[in-house]
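J.: Chain by chain, the residues:
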Amino acid sequence: MKKSVRLAATMLAAAALGACGTTNSTTSTNQPFKAAWIYVGTAGDHGWTQAHDDGRKVVEQQLGTAVKTTFKENVPEGPQVEQVVEGLVRDGNKIIFATSFGFQDAMANEAAKHPDVKFEQATGFKTANNLAEYFGAAEDADYLTGMALGAASSKGKIGFVAPFPIPEVIREINAVALGAQTTHPGATVQVVWTNTWFDPTKEKQAAQSLLSRGVDAIGQGQDSPATGEAAKAVGVKWSGYDSDQSNVAPDIWLTGTVYHWGPYYVKRVKAAMDGSWKTGSYYGSIGDGMIDIAPFGQSVTQAARDQINAKKEALKSGTFYEFTGPLKDQSGAVKIAAGTKMTLEQILSMDWFVQGVIGSPKGG
Amino acid sequence: MNNSLVVVTAASAIFYGTPLLFASLGELLAERSGVLNLGVEGMMLVGAVSGFWAVQTVGGPGWLSLLTAVAVAALAAAATSLIHAFLTVTLRASQIVSGLALTIFAGATGLSSYLGHVANLGGKPAHHEFDAIDVFGLKDAPVIGPILFHQNALTYGSWVLVGLALLYLYRTRPGLHLRAVGESPATADAMGVNVTTYRYVHTMLGGALAGVGGAFFSLAITPFWLDGMTSGAGWIAIALVIFAFWRPELALVGAYLFGAFSSLAFTLQARQVHLPPEVFSSLPYLMTIVVLVLVSTGWGRRRLGAPAALGVPYIREER
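Just so you know, the protein sequences line up as chains A and B, in that order. Under our numbering, the residue at position 338 of the first sequence is numbered 456, and the numbers go up by one with no gaps. Under our numbering, the residue at position 120 of the second sequence is numbered 179, and the numbers go up by one with no gaps.
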């Protein structure tokens, strides 16, 4: 009895081993290519991370069984990142996308350790032979969002709940102000800094502080829709950020800057698969579709929609660029001469507010 | 006038102070029985997630759904506090260690986070929320309108609760027993008061109120659920109990004071007054440290009313 059991077990094990061996040898040529994503938040946060995860799903849809994608969510920005990356490399992932600025150092270290794996870092600045950077020119869409805010405001007093006083956010606010001033000449944009990307209670408090000052349209650079909650209570029009947040308050929703990472991800994964992948710093725009505005809310008038759509086409075709002089700073001094376009370098290090922005570019 | 700095600050002090008031009233009752529970933050997060789950799941009219949600939040957090009660009252484990463990276990990236993700609650607006009520049509009355007559049902409920807690502690026999258990469990035991029962009941009452405080975040402040959304309110509530000298009426004052600090930084910023936000976020803790220094002296302890047996497990055999 015992003997027969042992025999059966041995035979089973042998069969299993044999089976493994055969699968390995027969499918080694058409095994799926493995790609991985690392998220700082949850895939369903209705904001930044969800936009990236939607991009990952586009890769799955378009490349089908040729690719196997995985993602790690809620990865804290710290020493754990290297372990997470290490694990992904060991699992056979050949391209790894990290979607938060705080992952950058770990990604650079891991890229040096694994020259045969491609690394992609969003919103960073470090590059290497196998480490590329990518981000999008949100300011294009911010300008259009600003136009919607300006059109929705009757007094020309617009509020903006802003996270950190860094160039990325400062140029976002400037773009909103410039856009608002086209649809509402003389409009002001008042800024309150929260010093956090994501803290709904603080975001709501900051929004309320602006609303109590009488702003009659409000925008945000925050990751949660708490600003919309505050605006809803007093019936003030609101624009969002990161993804379509209209379901929070459809009555007051205008539009918002959104990111479409999908096409970029498809392109890069394909390149990694066929060996044409090269490092670089990609700065996507409204022209190539990485940046867009969310669908208009019901309260945006047809006149405003037409105006915004016309501007969007001009931005796409390159006949218009929002950061073209004359641009004045808060004191009224000319910073960019008439007809001069700001360079990418100037935009990436922007630390001053345009005329009409109320608040300090150095933070609260 | 109703948009003046004082009125805006007072109205938001009451609103943002309400979850602190609930949680600190609960912690106050637990501490009065001699049980220090540092798990408030964790229990609040359990309340936030379970209350939100209930409002998304339970149908029916809005008020019923919200009422159920508050009850579910209270029950879930009370069940969480049962762990603490069992460990510290029955097993006589260290209250400090058990409370900290509770916050780590139940808090952000713990149980509450797990429940929220399993039930897929993230990023969806609540079906119902606690809106401000226009009481007697007085919401636009000068000064007092926005402050007193335009808050939500939970805030008004918390006022009733402060009154009830005062009555209970100082005007009823069980309240007297509770204070005795916190001051001298051996004496209370000799009087025939069941120390274990009192400590269990009040620890769980504390949990229930922390849960309601947590639900205030997911049903009133930002009517959606997010991981770790109370962001430290539980710790402020614990500090508040000391700040309030273990007295309900002072907990109300303190909660609104701390509530004012939390939004004052932004209110001032919007008025072009620039102060580092860290100043305001550290004020509750600074003020608590001052009170702690006072309490740490024997004189202060006697005068300020810290329960003498707070944090000390009761072992009948050592009487």
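Incorrect hints may appear among the rest.
DSS-like cross-link-like pairs, simulated, lysine-lysine; straight-line CA separation at most 27 Å [what the hints assert, rightly or not]:
# : chain 1 : residue 1 : chain 2 : residue 2
1 : A       : K152      : A       : K273
2 : A       : K275      : B       : K198
3 : A       : K244      : A       : K212
4 : B       : K183      : A       : K175
5 : B       : K198      : A       : K273
The calculated label-pair distances, taken between Cβ atoms and stated as ranges, are [claimed, not checked]:
#  : chain 1 : residue 1 : chain 2 : residue 2 : range
6  : B       : S153      : A       : K385      : 54 to 62 Å
7  : B       : N179      : A       : P381      : 50 to 58 Å
8  : A       : L466      : B       : N179      : 31 to 39 Å
9  : B       : V349      : A       : P197      : 46 to 54 Å
10 : A       : E195      : B       : V349      : 30 to 38 Å
11 : B       : G370      : A       : G332      : 46 to 54 Å
Chain B residues, not near chain A, derived (Cβ > 10 Å throughout) [what the hints assert, rightly or not]:
#  : residue
12 : A138
13 : I155
14 : F164
15 : N179
16 : G181
17 : V219
18 : I280
19 : D286
20 : P336
21 : L353
Everything labelled a hint here was simulated from the structure, so no lab data went into it. Virtual Cβ for every residue (Gly too), placed ideally from N, Cα, C.
J.: Does each hint hold? Answer for all of them.
T.: Okay, the hints, checked on the actual structure:
Proximity of K152(A) to K273(A) is assessed by CA-CA distance (about 54 Å); at most 27 Å being required, the pair is judged violated. In summary, the hint linking K275(A) to K198(B) is supported, as the alpha carbons are separated by about 25 Å, within the 27 Å threshold. Restraint check: the Cα-Cα separation between K244(A) and K212(A) comes to about 19 Å, which is no more than 27 Å; the hinted pair holds. The straight-line distance between the Cα atoms of K183(B) and K175(A) is roughly 20 Å, inside the 27 Å bound, and the hint therefore holds.
As the CA atoms of K198(B) and K273(A) are separated by approximately 24 Å, the hinted pair is consistent with the 27 Å bound. Against the hinted window of 54 to 62 Å, the Cβ-Cβ separation of S153(B) and K385(A) comes to about 57 Å, which satisfies the hint. Checked against the hint of 50 to 58 Å, the C-beta distance between N179(B) and P381(A) comes to roughly 28 Å, which is inconsistent with it. Taking 31 to 39 Å as the suggested C-beta distance range, the pair L466(A) and N179(B) conforms, at roughly 38 Å.
One distance hint, 46 to 54 Å for the beta-carbon pair V349(B) and P197(A), is violated here, with the actual separation near 37 Å. In this structure, E195(A) and V349(B) meet the distance hint of 30 to 38 Å, their C-beta atoms being roughly 35 Å apart. A beta carbon spacing of about 50 Å between G370(B) and G332(A) agrees with the range 46 to 54 Å that was offered as a hint. Every beta carbon of chain A lies more than 10 Å from that of A138(B), the smallest distance being close to 25 Å; the non-interface claim holds.
With a cut of 10 Å on Cβ distances, I155(B) stays outside the contact zone with chain A, its closest approach being about 26 Å. F164(B), annotated as away from the interface, keeps every beta carbon of chain A farther than 10 Å; the closest lies near 17 Å. The Cβ of N179(B) does not lie farther than 10 Å from every Cβ of chain A; its closest approach is about 7 Å, which violates its non-interface assignment. G181(B), annotated as away from the interface, has a beta carbon of chain A within 10 Å; the closest lies near 5 Å.
Every Cβ of chain A is farther than 10 Å from the Cβ of V219(B); the closest lies at roughly 24 Å, confirming the non-interface assignment. Taking the minimum C-beta to C-beta distance to chain A, about 6 Å, the non-interface status of I280(B) is violated against the 10 Å cut. Taking the minimum C-beta to C-beta distance to chain A, about 7 Å, the non-interface status of D286(B) is violated against the 10 Å cut. Against chain A, the non-interface label of P336(B) is violated: not every CB pair exceeds 10 Å, the least being about 6 Å.
Distance check for L353(B) against chain A: the nearest CB is about 30 Å away, which clears 10 Å, and the non-interface claim stands.
Checked against the numbered hints listed earlier, the structure breaks hints 1, 7, 9, 15, 16, 18, 19, 20; every other hint is satisfied.
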